[in-house]
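A.B. asks: As you go down the protein sequences, you meet chains A and B in turn. Going by my numbering, 138 is the number at position 114 of the first sequence; the sequence numbering is gapless. Going by my numbering, 39 is the number at position 27 of the second sequence; the sequence numbering is gapless.
Keep in mind the hints are simulated off the structure, nothing from the lab. All residues carry an ideal CB built from backbone N, CA and C; glycine is no exception. Possibly wrong hints are sitting among the right ones.
Lysine-lysine pairs mimicking DSS-like chemistry, simulated, CA-CA at most 30 Å apart [what the hints assert, rightly or not]:
| no. | chain 1 | residue 1 | chain 2 | residue 2 |
| --- | --- | --- | --- | --- |
| 1 | A | Lys-96 | B | Lys-36 |
| 2 | A | Lys-162 | A | Lys-152 |
| 3 | B | Lys-36 | B | Lys-111 |
| 4 | B | Lys-117 | A | Lys-53 |
| 5 | B | Lys-36 | A | Lys-77 |
| 6 | B | Lys-36 | A | Lys-86 |
| 7 | B | Lys-85 | B | Lys-111 |
| 8 | A | Lys-53 | B | Lys-36 |
| 9 | A | Lys-85 | B | Lys-85 |
| 10 | A | Lys-85 | B | Lys-117 |
| 11 | B | Lys-117 | A | Lys-147 |
| 12 | B | Lys-111 | A | Lys-77 |
| 13 | B | Lys-111 | B | Lys-81 |
| 14 | B | Lys-85 | A | Lys-86 |
| 15 | B | Lys-85 | A | Lys-77 |
| 16 | A | Lys-231 | A | Lys-147 |
| 17 | B | Lys-111 | A | Lys-53 |
| 18 | A | Lys-147 | B | Lys-81 |
| 19 | B | Lys-81 | A | Lys-85 |
| 20 | A | Lys-53 | A | Lys-77 |
| 21 | A | Lys-162 | A | Lys-96 |
Simulated coverage check for chain B against chain A, where a stretch passes if three residues somewhere in it have a Cβ under 8 Å from a Cβ of chain A [stated by the list, open to error]:
| no. | region |
| --- | --- |
| 22 | 29–37 |
| 23 | 45–55 |
| 24 | 59–71 |
| 25 | 82–90 |
| 26 | 121–131 |
Some, not all, of what chain B presents toward chain A, calculated at C-beta under 7 Å [as the list claims (entries may be wrong)]:
| no. | residue |
| --- | --- |
| 27 | Glu-94 |
| 28 | Gly-96 |
| 29 | Gln-98 |
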Amino acid sequence: MLDWLSGWLREIITVILLAAIVDLLLPNKAMQRYARLVVGLIVLLTILSPLLKVFQGDFNKKVEAGMNAWDKASAEHYAEMPTLQDITKEAERISREQQRQASALAERQLAAAMEQELDTRLKTQGTKAVVTLDAAGKSIESVRITLQPNDHTDSKDSGSSSSSQDQTEIAPIDIAVDVSVQLDMPAAETSDSGAGQDEPTVEPAVKSEVEHSLRQGWGVAADRIDIRMAGA
Amino acid sequence: MEIIQIVGLGLIATVLILVVREQKPMFAFLLAAFTGLFIFLYVIGRIDAVISMLERLAEQTGIPSIYLKTILKIIGIAYIAEFGAQIVRDAGQEGIASKIEFAGKVLILVMAVPIIHVIVETVLGLMPPGG
């Protein structure tokens with residue numbers, strides 16, 4: 025109780041001090057009358073604040089919302105002329121946006137073209153390609169190819185459920201790390217699963233074919249290509 | 013002692029204006045306006061100390077920042093309106109000067125609108141319903 029009282033008194037004293045300083049700072053008599061009215065209202069609001077809190081909840085928010093609404097309303101009245109700086113900034117923003125959209129479009133189209141090319145070359149379907157262009161949008165930074173493993177299964181129609189089972193068991197392995205790992209892996213896995221050609225690793229022949237076709241078609245270096253089989 | 017510099021500047025400007033006024037009244041006015049602007053800008057930086065003191069005071073006692081903002085806006089409007097009105101008055105346009113002051117007064121009163129709104133709402137809420 026005493027705590028609350030002292031806080032209230034402190035607020036009143038501060039606001040009155042502020043009012044006195046404002047009176048000192050104001051330039052001339054004519055303005056002082058008007059400013060005194062506003063400052064007096066603020067003092068009144070502070071004195072009434074316990075009462076207001078009982079009846080109105082958080083009135084400070086209300087005052088603030090009212091102020092902001094006024095500010096906004098008066099700001100709309102200004103016929104605001106954008107400065108040259110604003111215009112150049114806006115132009116920069118728009119051109120950045122445009123470039124971003126253009127490079128996204130280029131990425132999508134490149135990816136679509138690569139998918140089609142690889143599908144026809146490897147006689148597969150549903151190959152997915154993700155192309156990332158570099159920041160300037162001039163050259164291809166990386167390509168990720170996800171091959172569908174279905175074409176290399178010998179018993180595609182009968183063993184599709186079992187092959188998918190196998191695929192779920194073996195996690196998709198990122199083969200693009202280096203060649204020695206890639207050569208080691210199939211041997212280890214065939215001994216483990218015994219599933220033959222179904223595991224989602226990329227065969228060296230397919231890998232070299234993909235790299236070859238990408239290099240021929242789009243000039244992508246082999247170390248920028250990341251090939252993996254579609255996993256589970 | 014900045015006050016000496018400012019007063020010295022004012023005196024020099026006054027003498028120059030008196031000399032120039034006979035030949036070129038236009039330049040005399042420009043000189044007066046420019047001197048006024050310079051002194052205004054020179055001193056407005058000093059008010060910064062007062063304002064930061066007020067801010068600290070408000071922060072310590074925890075009064076809502078919206079009050080301080082309103083008060084500072086009032087001071088700013090008053091000073092700018094006063095300054096502009098004086099320059100215009102120097103140029104001999106008493107009518108426009110008083111209009112500028114009028115605009116300043118109106119804008120200061122606009123600051124009070126949200127506060128009046130809250131007070132009136134509270135008073136209405138105090139009334140017994142259906143009375």
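A.B. asks: If a hint holds in the structure, say so; if it does not, say that too.
C.D. replies: Verification of the hints:
1. Lys-96/A with Lys-36/B: violated (45 Å)
2. Lys-162/A with Lys-152/A: holds (22 Å)
3. Lys-36/B with Lys-111/B: Holds, at roughly 28 Å.
4. Lys-117/B with Lys-53/A: Answer holds: Lys-117/B to Lys-53/A is near 12 Å, not above 30 Å.
5. Lys-36/B with Lys-77/A: violated (64 Å)
6. Lys-36/B with Lys-86/A: Given that 30 Å is the threshold and the Cα spacing comes to 56 Å, the pair is violated.
7. Lys-85/B with Lys-111/B: The hint holds at about 20 Å.
8. Lys-53/A with Lys-36/B: Status violated; Cα separation ~34 Å.
9. Lys-85/A with Lys-85/B: holds (19 Å)
10. Lys-85/A with Lys-117/B: Since the Cα atoms of Lys-85/A and Lys-117/B sit roughly 26 Å apart, the hinted pair holds (cutoff 30 Å).
11. Lys-117/B with Lys-147/A: Measuring from Cα to Cα gives roughly 82 Å; hence the hint is violated.
12. Lys-111/B with Lys-77/A: Measuring from Cα to Cα gives roughly 40 Å; hence the hint is violated.
13. Lys-111/B with Lys-81/B: Roughly 25 Å between the alpha carbons, so the hint for Lys-111/B and Lys-81/B holds.
14. Lys-85/B with Lys-86/A: At roughly 19 Å apart (the allowed maximum being 30 Å), Lys-86/A and Lys-85/B satisfy the hint.
15. Lys-85/B with Lys-77/A: holds (26 Å)
16. Lys-231/A with Lys-147/A: OK: Lys-231/A and Lys-147/A at ~14 Å, within 30 Å.
17. Lys-111/B with Lys-53/A: Status holds; Cα separation ~16 Å.
18. Lys-147/A with Lys-81/B: Distance ~72 Å between Lys-147/A and Lys-81/B Cα, so the pair is violated.
19. Lys-81/B with Lys-85/A: Roughly 14 Å between the alpha carbons, so the hint for Lys-81/B and Lys-85/A holds.
20. Lys-53/A with Lys-77/A: Between Lys-53/A and Lys-77/A the Cα gap is close to 35 Å, so the pair fails against 30 Å, i.e. violated.
21. Lys-162/A with Lys-96/A: violated (44 Å)
22. 29–37: Three-residue rule not met by the region 29–37 of chain B, so violated; n is 0.
23. 45–55: violated (count 0)
24. 59–71: holds (count 5)
25. 82–90: That given contact holds, which follows from 5 residues of the region 82–90 of chain B lying within Cβ reach (below 8 Å) of chain A.
26. 121–131: Answer holds; 11 residues pass the 8 Å Cβ test.
27. Glu-94: Where the cut-off is 7 Å and the nearest Cβ of chain A is about 4 Å from Glu-94/B, the hint holds.
28. Gly-96: violated (11 Å)
29. Gln-98: The hint is violated - Gln-98/B has no Cβ within 7 Å of chain A, the shortest such distance being about 9 Å.
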